[in-house]
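Novice: Sequence:
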Amino acid sequence: MIKKIFSRPVFFGILTVVFLVNQIILISVSNAMGTGLLRSQWMTYVGVKEASAMEIMMPMLNQDGMTTHLQMMPTITEVLGETGSSDSVADAMRAMIATGTPFYAPEGVSFDDPIVSLESWGGYAETTLTEAQMERYNRIIGTFTCNFCCGEATSVTRNGRCGCAHANAARGFFKYMIQKYGDTYSDDQLFGEAYRWQAIWYPSGVVEDYLLVTGRGNVIGHKTHGGAGEDGMHGIK
-2 MIKKIFSRPV FFGILTVVFL VNQIILISVS NAMGTGLLRS QWMTYVGVKE ASAMEIMMPM
58 LNQDGMTTHL QMMPTITEVL GETGSSDSVA DAMRAMIATG TPFYAPEGVS FDDPIVSLES
118 WGGYAETTLT EAQMERYNRI IGTFTCNFCC GEATSVTRNG RCGCAHANAA RGFFKYMIQK
178 YGDTYSDDQL FGEAYRWQAI WYPSGVVEDY LLVTGRGNVI GHKTHGGAGE DGMHGIK
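Per the numbering used here, residue -2 is the first one in the sequence shown, and the count goes up by one each step.
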């Protein structure tokens, strides 16, 4: 008979410490590899922090200009936190798929109606901007990526070079926001908020990316897409 060394509370306490140390090591390695797995997102995953925040996980260009990594970017509207339920997909959808009508949206444009919103934002792509505004606009669409509709794993398509309706809607969003709120919000905030709209048009892709970066990529799997890299996983092992 094996001698009892630890009481049950002590044993589980040791397991908890080992788990947390392991997660910290994983985050350090991930950040060193440029995966963008930030501390706030890790805290959400392990259930330490489940609060809403003004940031969203999204793909951003790597220095090679051809692939992307996943990182947190600031938003304009609040992004809900996970509920900590046993349903990882439902929690991921809560964190990534926005609902309701944001305060800045033109009449009739809502996260709840992806088709109408797609058409409506697309109409603003013809908006006339000042020279300074156009310079900013061109900089943004030259970096914002179209991850799920076109391009290849090692050759992501940038918004300004994509002909799909979703890319046109994003361009309309950027023009509208630059014209109406250009002095209020930064480029980074426009990036993050634009991705909230991309998420309602490509829910499967954004949920797969979110689960991947939060260590749950095996829940529904991860399909490669534009910019995901040679391994199709944004470099995340």
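Be aware that a few hints might be false.
Pairwise CB distance ranges (calculated) [said to hold, decoys possible]:
1. GLY62 to ALA162: 21 to 27 Å
2. ASP61 to ALA87: 34 to 40 Å
3. VAL216 to ASP185: 26 to 32 Å
4. ARG213 to ASN135: 15 to 21 Å
5. ALA87 to TYR178: 17 to 23 Å
6. THR140 to THR181: 19 to 25 Å
7. GLY160 to GLU132: 32 to 38 Å
8. LYS234 to SER201: 39 to 45 Å
9. GLY120 to GLY81: 37 to 43 Å
10. SER201 to ARG158: 19 to 25 Å
11. GLY62 to PRO99: 28 to 34 Å
12. ALA122 to GLU149: 46 to 52 Å
13. GLY229 to CYS161: 18 to 24 Å
Hints in this document: simulated from the structure, not taken from any laboratory. Just so you know, even glycine gets a beta-carbon here, dropped at the ideal spot from N, CA and C.
Novice: Compare the structure with each hint and give your call.
Specialist: Cross-check of the supplied hints:
Checked against the hint of 21 to 27 Å, the C-beta distance between GLY62 and ALA162 comes to roughly 24 Å, which is consistent with it. ASP61 and ALA87 have their C-beta atoms about 35 Å apart, which keeps the hinted 34 to 40 Å range intact. Checked against the hint of 26 to 32 Å, the pair VAL216 and ASP185 passes, with Cβ atoms roughly 29 Å apart. A hinted range of 15 to 21 Å is violated for the C-beta pair ARG213 and ASN135, which are about 37 Å apart.
Checking the proposed 17 to 23 Å range against ALA87 and TYR178 shows it is violated: the Cβ atoms sit about 32 Å from each other. Between THR140 and THR181 the beta carbons are some 20 Å apart, a value that agrees with the proposed interval 19 to 25 Å. The given range of 32 to 38 Å is broken by GLY160 and GLU132, whose C-beta atoms sit roughly 23 Å from each other. A hinted range of 39 to 45 Å for the beta carbons of LYS234 and SER201 is inconsistent with their spacing of about 22 Å.
In this structure the hint that GLY120 and GLY81 lie 37 to 43 Å apart at CB holds, the actual value being about 40 Å. A hinted range of 19 to 25 Å for the beta carbons of SER201 and ARG158 is consistent with their spacing of about 24 Å. Between GLY62 and PRO99 the beta carbon distance is about 31 Å. The supplied range of 28 to 34 Å therefore holds. A beta carbon spacing of about 25 Å between ALA122 and GLU149 contradicts the range 46 to 52 Å that was offered as a hint.
About 21 Å separates the C-beta atoms of GLY229 and CYS161, a value consistent with the hinted range of 18 to 24 Å.
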